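Novice: With the working numbering applied, the sequence shown corresponds to residues 1258 to 1808, in that order.
Since the hints were made in silico from the structure, they are not lab data. Take the hints with a grain of salt, since some may be wrong.
Stated by the list, open to error - Cβ-Cβ distance ranges computed for the label pairs, FRET-style: (1) Asn-1637 with Arg-1528: 36 to 46 Å; (2) Lys-1683 with Lys-1628: 42 to 52 Å; (3) Ala-1287 with Lys-1583: 46 to 56 Å; (4) Gly-1418 with Val-1721: 36 to 46 Å; (5) Ser-1535 with Ala-1287: 21 to 31 Å; (6) Arg-1627 with Ser-1719: 51 to 61 Å; (7) Arg-1636 with Glu-1736: 46 to 56 Å; (8) Asn-1379 with Glu-1275: 54 to 64 Å; (9) Asp-1493 with Ser-1535: 22 to 32 Å; (10) Asn-1725 with Phe-1661: 35 to 45 Å; (11) Ala-1616 with Arg-1638: 16 to 26 Å.
Computed from a prediction, not measured in an experiment: that's the story for all the values here. Beta carbons: idealized from backbone N, C-alpha and C, even for Gly.
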Amino acid sequence: MSEAKRSIRYTGAVYTPEPVARAISELVAAHSTGIDGHVLEPSVGDGAFLSALARTLPSYPFTAVDIDSVVIERLRTRKVEFPARSVFHAGDFLSFACDRLEAGQPSFGMVVGNPPFIRKHNFSGEFGDLVERLGALTHYPAKWLKNSWAAFLVASAHLIGERGLVAFVLPYELMTVAYGQTALSHLLEVFDRIDLFVSNERAFPEIDQDAIILFGRKGLDDQRGLWLQHVASLSDLSTATEHPVSLDEPTDLSLELNGFLINRGTIDRLRSMRSGVSRISDFCSTAPGIVTAANDFFIQSIDRVNELGLGEFALPILKRGSLPKKSPIFTSADFDELAVRERSRLLKITAPRENLTDAALSYVVTGELRKLDERYKCRNRKLWYNVPLVTPAAGFVFRRSHEFPRLVINEAGVYVTDNVYGITPKSECTIRGICYSFYNSLTFLFAEMDGRFYGGGVLELSPVEFRNLPLAYHEPTDEEFAAFLEVHRSGDVDAMLDFGDGWLARKLQLSPSNLDELRQAWSSVRSHRLRHGRSGPESISQSNLSTAIRS
């Protein structure tokens, strides 16, 4: 990992591009009438927002906070650039916010900024304690504050007065992950109106990160609710296409938040369609694969295993993204082909140290020299080097995918890592039936909407999200399954969906227009995800649906 990315992981610092800061400052200034009090910047960083706000709101004093004292001292030397009575505070924003909330100190008029992005497992002990404290003060469950940006957002919402606003650059996952949608639901109780600005361009291209702008306002008499604002770029918020979000069905928020991509009528029909279809969890159980805690140590190539004299300890294993082709069946021949170029052997060493072979003991010692035995998951094992196994499942699906999700029959019987979910059919079902039933526009569409995406257009499904996907189960005949395999040999996702949509239409009694609507919705949502990926939306072909409908 590069030093830049390591710094982002633990400090969450990603500075806002100047054009984006300027656009947000102009938006804030346009809605500042009647708002009193300081403008708070909770993670001031390089001062991009302060500089922009000083031009658009010259009469408002600022309060700037940053955990980096060097940053604050640097801003103090530029104090003449900012309005009089501005305050610069070096310290943790959550501590600053909690102290003010406890003391009942005067509220702020506006909060503007780009909060840090730090995942919960990277919280320091002190920061974790502050998150707990904030949760108690705001009556917000701390367990849902799973990222620093969520904590900053909740704190800021409670720091503004009866009339005020919050404008934040936030990760796109606000709209896609459960804790983001939970934060959004909470904020709808705090703000009168929330606008989410979603763009066609990526906000932070240098780190492959997608972002949105949240604009929440209090003290509005005639504007209440949630709106999506679709813009070409976050550097120009003046020409947005507005889409109101229905909050009548709060459990369908992920569906509603795609309203800038899918029209209202389609959303309503999708909701009805989903309610009438079973879920994947009705047909199988799922579980993550093996957690080694050090894949580069415990998983080696077959040549390296032989070189080390550890062949007797080697088990076949599949890591993420290792499938050599797009077949829905992973065979022993596929594994052998993979093993030529990939690390594909898990070292399963089970004996106590005193009973180890010389080769095994030597290898264990190399791990201890790297302090692998001190890693959390390793040190909690009876023998740090004895990796717990997860029995190979009948099938598996990768947690992350790019072009489309992959559900595969594990004919080779290999182990998988925890980036892969093993699938075990229930007694009345088969892995062949589950695999056959997975590849259609309905299941693929909700994978796109229920999952979340990251830089490069990578789609991720959590275990819960995968289990909750709709699945119209069909047990194929030998002839049907042979035709299914033949279509997959092309590797063309459109051909796969044409085939799957054909039997889906018959099973669910979908009309040609229903089927076309499903496919167009999938294509729109997927294109939005892939707009910064390796392929990009221009590579996504439009299917000829008539073939599927006629079949």
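Novice: Take the hints in turn and mark each one as holding or not.
Specialist: Here is what the structure says about each hint:
no., hint, result
1, Asn-1637 with Arg-1528: 36 to 46 Å, "holds (44 Å)"
2, Lys-1683 with Lys-1628: 42 to 52 Å, "holds (43 Å)"
3, Ala-1287 with Lys-1583: 46 to 56 Å, "holds (50 Å)"
4, Gly-1418 with Val-1721: 36 to 46 Å, "holds (38 Å)"
5, Ser-1535 with Ala-1287: 21 to 31 Å, "violated (49 Å)"
6, Arg-1627 with Ser-1719: 51 to 61 Å, "violated (31 Å)"
7, Arg-1636 with Glu-1736: 46 to 56 Å, "holds (54 Å)"
8, Asn-1379 with Glu-1275: 54 to 64 Å, "violated (28 Å)"
9, Asp-1493 with Ser-1535: 22 to 32 Å, "violated (44 Å)"
10, Asn-1725 with Phe-1661: 35 to 45 Å, "violated (18 Å)"
11, Ala-1616 with Arg-1638: 16 to 26 Å, "holds (21 Å)"
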